[in-house]
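Trainee: Listed below are the residues making up each chain.
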Amino acid sequence: MTGTIPLQFFLVISTLMFFIGVFGFLTRRNLITMLMSIELILNSVNINFVAFNKYLFPQHLSGHFFSLIIIAVAAAEAAVAIAIIINIYRNFKSIDVDKVDEMKY
Amino acid sequence: MNSDLMFFILAGVILVFSVLTVTTRRILRAAVYLLFVLISTAGLYFMLNYNFLAAVQLTVYAGGIVVLIIFSILLTSHISERAVVANWKQSLLSALAIVAGATLTLISVFRFSFTASPEPAAPSGVKDIGAALISYGENGYALPFEVVSILLLAAMIGAIIVARKEKIKVDEKDLK
Chain X
11 MTGTIPLQFF LVISTLMFFI GVFGFLTRRN LITMLMSIEL ILNSVNINFV
61 AFNKYLFPQH LSGHFFSLII IAVAAAEAAV AIAIIINIYR NFKSIDVDKV
111 DEMKY
Chain F
46 MNSDLMFFIL AGVILVFSVL TVTTRRILRA AVYLLFVLIS TAGLYFMLNY
96 NFLAAVQLTV YAGGIVVLII FSILLTSHIS ERAVVANWKQ SLLSALAIVA
146 GATLTLISVF RFSFTASPEP AAPSGVKDIG AALISYGENG YALPFEVVSI
196 LLLAAMIGAI IVARKEKIKV DEKDLK
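Respectively, the protein sequence lines represent chains X and F. Quick note: the first sequence uses my numbering, first residue 11, plus one each step. Quick note: the second sequence uses my numbering, first residue 46, plus one each step.
Simulated from the structure, these hints should not be mistaken for lab results. The beta carbon of each residue, even a glycine, is placed where N, CA and C say it ideally should be. A portion of the hints provided could be inaccurate.
Straight-line Cα separation of at most 25 Å, BS3-like style, residue types lysine-lysine; simulated pairs [what the hints assert, rightly or not]:
| hint | chain 1 | residue 1 | chain 2 | residue 2 |
| --- | --- | --- | --- | --- |
| 1 | X | Lys109 | F | Lys172 |
| 2 | F | Lys134 | X | Lys109 |
| 3 | F | Lys210 | X | Lys103 |
With the Cβ distance kept under 7 Å, some of the chain X side facing chain F (calculated, not the full set) [claimed, not checked]:
| hint | residue |
| --- | --- |
| 4 | Ile15 |
| 5 | Leu17 |
| 6 | Leu36 |
| 7 | Asn40 |
| 8 | Ile42 |
| 9 | Met44 |
| 10 | Asn53 |
| 11 | Tyr65 |
| 12 | Gln69 |
| 13 | Phe75 |
| 14 | Ile81 |
| 15 | Ala86 |
| 16 | Val90 |
| 17 | Tyr99 |
Isolated chain F, as found in the complex (with noise of 0.2 Å):
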């Protein structure tokens, strides 16, 4: 009974501030009620058991790239600017749009009868985590665990490359 109180407040937090974060004119604020969105997802994680993933998803999804694009808003806008919206027709088709897709979606959630498994939950602590990352055999994840380093290490290369100044070509001549 706690635990499903718990769910429907991390719920009707996560669903108010998605809209809040999709509509607000601020965009600063629309950064924090993104990071209660991603606050209130891992707490989900935890509900479901997942310790190490819900402290990932807090250490880079709120901690890092939430300050990530609160620095590239205030590099970018002033604080109190105020977003352009589209207009009203836009809008509309828009919300219709969604309206109806989010319709199908959770009409064919529900006719689906879902038979949940009665195994026992996989241990999940960080050590059993790190091991299967390491290991290549069954269950092993040493493959997409090296793939996305690189991926990672080459975003980060890129993205300095491309944020980097141009330097103001100084002819030898001038300097001597």
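One chain only, chain X, in its complex shape (with noise of 0.2 Å):
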């Protein structure tokens, strides 16, 4: 079924995916947007985990269950997050990191 690709292939999707998603991190100003950003980056890892569980341990399923409890994981992150972005702006009018600076000092 996975024919002819070698296992890095794989590898450099998710590591790609990771580091585009980080660089999303790095410069969004938005709360939402740096929430999808976290998301790539659990995409990728989830991928990694699958990719290995395949290619080097096919008669276990570690790595699918793995992946199975970081999207659950990731679903509960999610909820978490856009509650508290929601509260956030009902209280600045604003997601912007920069303008969200009460608490700061």
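Take the two lone chains and join them into the complex the hints point to.
Mentor: Structure representation (structure tokens):
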């Protein structure tokens, strides 16, 4: 099924996706787009787990279940983050990280 | 050959839309690009024969999280709002940092020789996964399953409490 694709190709995709997510996290100034960058990062980690599981330890399903659990954690994280973002928007009328600095000092 | 071609198509879609997700100025479009990335990732899981994981990826990520993100975008900003970008100095430094990090990681990935295991793949049908999730013996995952269920429940209750509107307090005297 996986044909002739070597494991390294999957690792290259997930590496690039991870660092694109890091770039977004560093350059974005809007809380929701920063959250999207975190989703990219989590997704790239999932690809790694699944590819390692399939190529190196196909007799187990550990990486598969780890990915399932990461997906559940990502859902919980997104729900809490969005609740916090909506609360911040109510208090500050903005979700720019530069404008939300009341707890800074 | 066919499966190879499919892999490269999915990889190209993932990379192009990942870059668009973090660079586009329109927030709503970024969410839609993220959706494409997540769907292509589900395609990769289908290629690896993990059908249940791909289905979960489609329903939870593409169906749940992206819809949640789109709702919160609509609640907190105008549809045509342009995102503020970091100044060029910060972007340049971030780009340098991620290029350095990616180069380092890719070099170490290619210098290590992974040897694919010749063992037959474990059955990964929905029935096998369900049995593994409730068994606590060897190759059973009952504990992580229960832990993540409690985490999800706690997170959902926490999200409701945090996002709830504060009630305006009314004195009982005023009501009388």
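Trainee: Starting from the hint list further up, note which numbers the structure goes against and sort them upward.
Mentor: Numbers 1, 9 - these are the hints that the structure violates, sorted from lowest upward.
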